[in-house]
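Enquirer: Make the full structure from the sequences, and use the hints.
One letter stands for each residue in the lines below.
2 protein chains.
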Amino acid sequence: MQEIQVENRVWIQKNGKPFLGSGRISLLEEINKYGSISKAATHLKMSYKRAWELVESMNSVAETPLVIKETGGKNGGGSNLTEKGKLIINQFRKLEEKSRIYLADEIKKCCIS
Amino acid sequence: MQEIQVENRVWIQKNGKPFLGSGRISLLEEINKYGSISKAATHLKMSYKRAWELVESMNSVAETPLVIKETGGKNGGGSNLTEKGKLIINQFRKLEEKSRIYLADEIKKCCIS
Numbered sequence: 600m601q602e603i604q605v606e607n608r609v610w611i612q613k614n615g616k617p618f619l620g621s622g623r624i625s626l627l628e629e630i631n632k633y634g635s636i637s638k639a640a641t642h643l644k645m646s647y648k649r650a651w652e653l654v655e656s657m658n659s660v661a662e663t664p665l666v667i668k669e670t671g672g673k674n675g676g677g678s679n680l681t682e683k684g685k686l687i688i689n690q691f692r693k694l695e696e697k698s699r700i701y702l703a704d705e706i707k708k709c710c711i712s
Numbered sequence: 600m601q602e603i604q605v606e607n608r609v610w611i612q613k614n615g616k617p618f619l620g621s622g623r624i625s626l627l628e629e630i631n632k633y634g635s636i637s638k639a640a641t642h643l644k645m646s647y648k649r650a651w652e653l654v655e656s657m658n659s660v661a662e663t664p665l666v667i668k669e670t671g672g673k674n675g676g677g678s679n680l681t682e683k684g685k686l687i688i689n690q691f692r693k694l695e696e697k698s699r700i701y702l703a704d705e706i707k708k709c710c711i712s
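Taken in sequence, the protein lines are chains A and B.
Residues 600 to 712 in this note's numbering are what the first sequence spells out, letter by letter.
Residues 600 to 712 in this note's numbering are what the second sequence spells out, letter by letter.
Among the hints, erroneous ones may be present.
Treat identical chains as interchangeable: a pair holds within one or across any two.
Restricting the straight-line Cα-Cα distance to at most 30 Å, the calculated cross-link-like pairs of lysine-lysine (DSSO-like) are [what the hints assert, rightly or not]:
hint: 1; residue 1: K648; residue 2: K616
hint: 2; residue 1: K685; residue 2: K613
hint: 3; residue 1: K613; residue 2: K693
hint: 4; residue 1: K638; residue 2: K613
hint: 5; residue 1: K683; residue 2: K644
hint: 6; residue 1: K616; residue 2: K697
Everything labelled a hint here was simulated from the structure, so no lab data went into it.
Expert: Structural data, given as structure tokens:
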């Protein structure tokens, strides 16, 4: 049996500037998990500088920040997601999933073989 | 006014092998236009070797060939698309377009901002 698989990548721009994509969302997910940009970067095999730049870019483009730096406290601070940041992960992953389902349905109909 | 744009890339695998993507379809479109893999490659700033490999890959994965080599004739041969090749360009571009429209609609609904 011949099996057709369709793949797709989604990314979002805002006012012509890069805003969200699968890689940026993965970074938000890791920051949410570890409470630290540095640990998230290590986990994604990304430099801290690069991770920091991506966070800055998302924060500056979003209506309200997605990541905030928490200073002080017993762990000496760290970074965490705002409610908006958590919401956007959810919205983006759902959009990807819906798009995947849509394309899988379409490819069955359109008979590419 | 804040403007959200969604972009996406679609590609298709068959039995786990790369089959079609926007770049491969552009190559088919150029071959259709120029009747020559070599001219299509030049136009796409791609080496002839690379273009030839992509055509071979698509031909071997498709049910029937998408590109055929025409030998002889007053122009000393060239390459042309089969009916199947022309059909697949159309199907793929439609799939991309539908997916674009779907995502543009979804992004309006899902309120990423």
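Enquirer: Now tell me if each hint is right for this structure.
Expert: Okay, the hints, checked on the actual structure:
no. : hint        : verdict
1   : K648 - K616 : within (20 Å within a copy, 36 Å between copies)
2   : K685 - K613 : within (18 Å within a copy, 36 Å between copies)
3   : K613 - K693 : both (19 Å within a copy, 25 Å between copies)
4   : K638 - K613 : within (28 Å within a copy, 38 Å between copies)
5   : K683 - K644 : within (25 Å within a copy, 43 Å between copies)
6   : K616 - K697 : both (24 Å within a copy, 24 Å between copies)
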